[in-house]
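Colleague: Given next are the chains, with one letter for each unit.
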Amino acid sequence: MTTQLASKRYAVEDLNHAIEFCYQQGWTDGLPVVPPTERAVRAMLDAAGLEPDKQVAFITNRQVAVSAEKVAVNAVMAGCLPEYMPIVVAAVEALAEPKWGYHGPATSTGGAAVLMIVNGPIAARLGFNSGDNLFGPGWRANATTGRAVRLVMRNVIGTLPGALDRGTVGHPGKYSYVIAENEADSPWTPFHVERGFKAEQSVVTVMAAEGPHQFYNQLSSTAKGVLTSLCDDMKHHGSTNGQPQYVVVLAGEHMRTIARDGWSKADIQKFVFENTQNSLAHIKRVERLAGAVTPEDETTMRPLVPSPEDVHVIAAGGRAGAFSCYIPAWAGGKKSSQSVSKLIQDRRA
Amino acid sequence: MLDGILFEKAGIPAASIVTDVFEGTGHAMAQSWGLPDYKFLSLPHPIANLSEAQLDQRAREIVPEIVKLLLQGQE
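Protein chains in written order, with the numbering used here: chain A, 470 to 818; chain B, 1344 to 1418.
For the record, the hints were derived by calculation from the structure and aren't laboratory data.
Here the structure is a predicted model, which means the values were calculated and not measured.
A virtual CB, placed ideally from N, CA and C, is assigned to each residue, including glycine.
Please note that a few of the clues may not be correct.
[To be verified] Straight-line Cα separation of at most 30 Å, DSS-like style, residue types lysine-lysine; simulated pairs:
1. Lys804(A) with Lys1382(B)
2. Lys693(A) with Lys739(A)
3. Lys1352(B) with Lys568(A)
4. Lys704(A) with Lys753(A)
5. Lys568(A) with Lys667(A)
6. Lys1411(B) with Lys804(A)
7. Lys704(A) with Lys693(A)
8. Lys1411(B) with Lys1352(B)
9. Lys803(A) with Lys753(A)
10. Lys1352(B) with Lys523(A)
11. Lys811(A) with Lys667(A)
12. Lys739(A) with Lys753(A)
13. Lys739(A) with Lys811(A)
14. Lys739(A) with Lys568(A)
15. Lys803(A) with Lys1411(B)
[Unchecked claim] Simulated coverage check for chain B against chain A, where a stretch passes if three residues somewhere in it have a Cβ under 8 Å from a Cβ of chain A:
16. 1360-1368
17. 1371-1377
[Said to hold, decoys possible] Here are some, though not all, of the chain A residues that point toward chain B, as calculated from beta-carbon distances under 7 Å:
18. Lys523
19. Asn530
20. Gln532
21. Gly627
22. Ala632
23. Leu633
24. Arg635
Please build the complete structure, drawing on both the sequences and the hints.
Modeller: Take a look at the structure:
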């Protein structure tokens, strides 16, 4: 590493003053941040094999270039270990993809957060939680990588609440919203392999997402029974019916019940696609679509998503409990934002 | 807002309109494109639940402002 760090230096009295200084500058998400010293930022860059001036992303509709140095600064502030840096970098690269379409999901009143799903060997190696209390606090890798991405959005790309982040209600996933797939216990093909990566590669997928909606089924011992409860809940979940994609997270008990019946992820996708459709008449009656109900509307069915593949099935969550969940993507339609999967690269020589 | 900015950059007169609760967001977007003084118009919020007649009325009210902005440009 030879290139000098370009970020402005500030002199502060001690650690407490540094933390308060970051608050005063408006650089935090409301929680204290770790002051980004040159040494810590360097360690972050070294762990990813990146020069500080390397452009990680260019956010076209904000005209903002994101350098590796700025990603590293925010990863330090978020509390990341240096070895998390390649994951944060891959996620930021994904946000700049036209398919993710930064402006819509980042700015919309729809209040989407960036859901990150980590697959491949890096997940277990770095201690990402894929089990009990899946979306809850307590795991540094989950908590800080997502937080780092949000701090980059805020501090580098200018996605500030009330200005260029106009989420009406938002949700707590905007602090951090990171899970890993439980590949060790899953009976199914890992999500990144379904998307064309090799099992031994590590991949992060980002999706602009609403919060997780939990559903319950303790009574059924069949795949069809469990998924019927899911579909009944999911088809009326209450957003704008414009979701391009959904994530379905199947936790331990449900995962085992469904797998015991021999259902693959493709079988689950097909079942969910077919059993979450609403009639146009229903959508109009509940005032989510304009216009009078016509006789044809009673039998014209509208699917939740364009195709079965738009239901991303992930094996993750606690071993015990008759709960799983589904996560609606941001309701901007497929032309506005889609999930993006990025290889997590080790660029060290 | 972005479409209006891009039209203007391409030399095509444009009038961007936001509802009033998005004025700050409009300014922030223009700022991010290096145009802190970008002029745009504003309507009362909300509009999505208005009747056609109410929408027509809103449109009639703002048309003179649109014409003025298109003729005056961003100068």
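Colleague: Between the alpha carbons of Lys1411(B) and Lys804(A), is the straight-line distance 30 Å or under?
Modeller: Judged against 30 Å, a Cα distance of about 34 Å means the pair is violated.
Colleague: Given the proposed pairing of Lys1411(B) with Lys1352(B), does the C-alpha separation stay at or below 30 Å?
Modeller: holds (19 Å)
Colleague: Are there at least three residues in the region 1371-1377 of chain B whose beta carbon sits under 8 Å from a beta carbon of chain A?
Modeller: Coverage by chain A holds for the region 1371-1377 of chain B (5 residues, Cβ < 8 Å).
Colleague: Taking only the CA atoms, is the gap from Lys739(A) to Lys568(A) under or equal to 30 Å?
Modeller: It holds: about 24 Å lies between the C-alpha atoms, which stays within 30 Å.
Colleague: The hint names Ala632(A) as touching chain B; please verify it with the least Cβ-Cβ distance against 7 Å.
Modeller: holds (4 Å)
Colleague: Between the alpha carbons of Lys739(A) and Lys753(A), is the straight-line distance 30 Å or under?
Modeller: holds (25 Å)
Colleague: Below or equal to 30 Å on CA atoms is what counts here, so check Lys704(A) against Lys753(A).
Modeller: Answer holds: Lys704(A) to Lys753(A) is near 14 Å, not above 30 Å.
Colleague: Is the straight-line distance between the alpha-carbon of Lys568(A) and that of Lys667(A) 30 Å or less?
Modeller: holds (22 Å)
Colleague: Are Lys704(A) and Lys693(A) close enough, with their CA atoms no more than 30 Å apart?
Modeller: holds (16 Å)
Colleague: Keeping to a limit of 30 Å between CA atoms, is the pair of Lys739(A) and Lys811(A) held or broken?
Modeller: holds (25 Å)
Colleague: So, Gly627(A) near chain B? Judge it on the closest CB pair being under 7 Å.
Modeller: This hint holds: Gly627(A) lies near chain B, its Cβ roughly 6 Å from the closest one there, short of 7 Å.
Colleague: Under 7 Å is the threshold here; is the Cβ of Leu633(A) close enough to any Cβ of chain B for the hint to stand?
Modeller: holds (5 Å)
In summary, the structure is inconsistent with hints 6, 15 and 18 from the numbered list given earlier, while agreeing with the others.
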